[in-house]
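2 protein chains.
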Amino acid sequence: MAEGIHEQLSYLFEPESIAVIGASNSRMKWGYIVPANIIAGGYEGDFFPVNPHETTILDHDVFKSVKDIPGQVDLAVVTVPAVHVTPVVRECVEKGVKTCIVISGGFSEAGGHGTEMEDEMLDVVRGSGMRLVGPNTMGVFSAPCSLHALMPPVRPVAGKIGFAAQSGNLGTQMLSLGKALGVGFSRFVCIGNESELNCTDYLEYFALDPATEVILLYIEGLRDARRFIEVACKTSTRKPIVVMKAGKTEAGARAARSHSAALAADESIFDGVIRQSGMIEADTTEEMLDIAKAFAAMPPPRGKRIGVLTWGGGWGVVTADALAKHGLELVRFPDETLRELDSVLPPYWSRGNPVDMVGTLDLSKHFACIKIIARCPAVDAVITLGTMGATSSFQSFVTENPGVMDEATGGRRPKVIAPKILEQLRASDEAFRAEVIQLIEDTQKPIIAVSFPTSGAVTPMLAKQSKVVIYPSPERGAKTLAALYEYQQFLERARALA
Amino acid sequence: MAEGIHEQLSYLFEPESIAVIGASNSRMKWGYIVPANIIAGGYEGDFFPVNPHETTILDHDVFKSVKDIPGQVDLAVVTVPAVHVTPVVRECVEKGVKTCIVISGGFSEAGGHGTEMEDEMLDVVRGSGMRLVGPNTMGVFSAPCSLHALMPPVRPVAGKIGFAAQSGNLGTQMLSLGKALGVGFSRFVCIGNESELNCTDYLEYFALDPATEVILLYIEGLRDARRFIEVACKTSTRKPIVVMKAGKTEAGARAARSHSAALAADESIFDGVIRQSGMIEADTTEEMLDIAKAFAAMPPPRGKRIGVLTWGGGWGVVTADALAKHGLELVRFPDETLRELDSVLPPYWSRGNPVDMVGTLDLSKHFACIKIIARCPAVDAVITLGTMGATSSFQSFVTENPGVMDEATGGRRPKVIAPKILEQLRASDEAFRAEVIQLIEDTQKPIIAVSFPTSGAVTPMLAKQSKVVIYPSPERGAKTLAALYEYQQFLERARALA
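Protein chains in written order, with the numbering used here: chain A, 1484 to 1981; chain B, 1484 to 1981.
No wet-lab data here; the hints were simulated from the structure.
Check before you lean on any hint, since a few could be wrong.
Pairs involving identical chains hold if they fit within one copy or between any two copies, as the list cannot separate such chains.
[Claimed, not checked] Simulated crosslink set (DMTMM-like; lysine to aspartate or glutamate; CA at most 20 Å straight-line):
#: 1; residue 1: Lys1808; residue 2: Glu1764
#: 2; residue 1: Lys1808; residue 2: Asp1766
#: 3; residue 1: Lys1787; residue 2: Glu1733
#: 4; residue 1: Lys1808; residue 2: Glu1770
#: 5; residue 1: Lys1512; residue 2: Asp1845
#: 6; residue 1: Lys1808; residue 2: Glu1733
#: 7; residue 1: Lys1512; residue 2: Glu1537
#: 8; residue 1: Lys1717; residue 2: Glu1490
#: 9; residue 1: Lys1662; residue 2: Glu1918
#: 10; residue 1: Lys1547; residue 2: Asp1557
As the structure is a prediction and not an experimental result, all values here were calculated from the model.
Next up, chain A with everything else stripped away, as it sits in the complex (with noise of 0.2 Å):
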């Protein structure tokens, strides 16, 4: 079962050729909008685009049916009203066509004849081989082959992440939130009304997927919440599923109605699995990227001992306070590590946990320090606060005042320094950001920074989070650890038992 879904899903997420069946030149139609996605966005297979009364869009010769295309669909996207799919969709299953998506609304998330119309369109697809997506998805996006078979113009970035959402906007907003902050997805899915295809099949295709390492779902509610389970426990002791589950309270509940065909789960029966399937839940929107980037970036921690390096006491006492909240310890260090961080510090430091740098400017002693903390056996973590993007504050500085730090050289070389000054700062940034890579990768323990999403240096490092992370806010930092050592908790309770 679980290995012919994963080739069937293959035809999906990595077709050869793809149709688009109500393919318009209609800029303002979807019909339009979805086709012109999947060329801009670098699809590179043979492209089909259907429609009985054109015959040249996106410079593309067209087709009067599905059944004219010569040689095999792999895919079928569907953009035609609601009243004409279930024709089509007939045609694609005479054709052989492997996968469908239905774009199209106005189904069983509208009640009353939308309802019919779905469970008529269902009677042609069932057991015909076919599998389909929809109806009123937002479609699909898939890194491997770049392809965007998408409504709104996203281009998210390549990445590990496999998602799959019980809503089109939550969904492609998350991925655009995640070009901002440059978090990749390997695969995206709009589950829309689950006629046919539903979510634990996508759950089961990415487990066995080599191109996703960790799972993001946006839950409203499921079909059958048995099978769902029984796929989350195998696949969470292989992959992290990191899962956010909307309407959980009544009026949550009923706003999922209204918007889609969703069953509700039973809501306990939902929160007690959870746990004991392993696998992670976001309790808000905010939480589903920052938990995701961390699992796609490094490894989860041993154990819950934190070393936290802040470069002011005040975020040291917030980060604290968080760590304490989730479960998290601040590890008191051993002295061969307090004469360490002696060697670098100035005689007055604190000589505790969180290790203050105590105003020091120099980053190669941030590093040093880091390096210290994260070398240190009794650590299992590193957060370190305000030195990821250091520079920002003297960067926007420099940018907003060049004649001031001018003014310093007796103004002999005007506008020569602040350029300077600037590409040195921003060298010194890289260069540490470069260093916490390496030393994540050297030491396999998960380093967490903090800063703070200023204008000026932050910006550009956030949009390559691929093997650091970087959080706005202790809080959300100290939260994501604990997050990721609850998984590793999970998975020696699973070892233990296996």
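Could you slot chain B onto chain A? The hints should help.
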């Protein structure tokens, strides 16, 4: 007493003359950086560098001693090393300086001899009438006179929030973040060691300060909890006080003791008074600005009945959950409101709350819906999801794929369409923003926007959050609305008792 502190601290926050004692030409010293900040920041009062070994600093004549300065000195900023501070402070007292900021560290926060030096310094100040900030402080900012007497080169946005922080790094980085987010401050003080002036003094000043409409506090410990509570109770009925209390866990309190001289307050006392005194607690550092910026931008809701507009069902579900979690209610719209919405929305809309725009691209319809919801008498506040900066992903797409847009014209006018579309999209977003601001003004109801910080359209809007507020997730928007409502309830209780 209250008037006394207001008059005294007006010399600190609105000085007509400033001396920097320990001013330097050495660019890596705080004695250069702090005065450079003051001058580059646009301070227009008299400025006197003091250093026995220099003649000119930053184009200003240097005085050997503060006592050599002709006329009144309202504010002295001291940057000399700790061991030299007491004699310098004594000269300030002898000169009749009104207020003094001791930037220098190495006092009680360092323990041992540092504590002795701080006691000596305090002996000189006590009873002199001169008020003293610090020591171990990063300084102050004051928008009305463009005073940037700060260690880091931060240029905050001018606004309505008065902010006192028991951490310099956290405080000044919050100012930087505020700048990136368009959140403005009236005053800021880094409290430092509280040798003479303490947190409650600043709170008392902000209470009477006409430039300050919202008060923000970051607190690790209190020297005189009883007086703080008294002043907070009196102030809360006049201005909202948003407070973040760090060091609440044992680990956090330990970290607080090691980095500053702050005394930990009795936690049980502190927690107990928050609600009673009408202060609004920020649970995380992110919530500090989230909540403060909303108080600075709009009135609190008169009740807890919320109307939600969403561009996507999933976000509506998440918002419904978040509102329920914080005790707010999704209002059931009256029939009249439903009929008004019917006239704007497609026939298959769900006729519920959240109002789902079901993919409507026309922003004028979004605004028509917000207007209907905000004007509905049953609604106390509005959350609008994905509509502020709605064109973000389209802007990104057009920017990244100008060719695709031009292709639609058959390549007749290459590179003409894309910029024109971009301009239209931006204008449409800007018009939407302006209409929401007007609607808040007209209805006197808060309208909270949630938009996702992808590249493109949202970022420039984030930089203008003085009359609207934008949150990166529904959860943070809902939490903020709950905080506003909490304050409204306090005001009603207080009025009932008065």
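Here is how each hint holds up against the structure:
1. Lys1808 - Glu1764: Result: close both inside a copy and across copies, 17 Å intra and 17 Å inter.
2. Lys1808 - Asp1766: Both. Shortest intra-copy (15 Å) and inter-copy (12 Å) distances satisfy the 20 Å Cα cut-off.
3. Lys1787 - Glu1733: Only across copies: Lys1787 and Glu1733 sit 17 Å apart there, 36 Å inside one copy, limit 20 Å.
4. Lys1808 - Glu1770: Answer is both: 16 Å inside a copy and 17 Å across each meet the 20 Å cutoff.
5. Lys1512 - Asp1845: This pair counts as between: shortest inter-copy Cα distance 13 Å, intra-copy 56 Å.
6. Lys1808 - Glu1733: between (28 Å within a copy, 10 Å between copies)
7. Lys1512 - Glu1537: within (14 Å within a copy, 73 Å between copies)
8. Lys1717 - Glu1490: Only inside one copy: Lys1717 and Glu1490 sit 19 Å apart there, 69 Å across copies, limit 20 Å.
9. Lys1662 - Glu1918: Intra 24 Å, inter 30 Å, cutoff 20 Å: neither.
10. Lys1547 - Asp1557: Answer is within; shortest intra-copy Cα gap is 18 Å, inter-copy 84 Å.
Comparing the model with each numbered hint stated earlier shows that hint 9 is the single one that does not hold.
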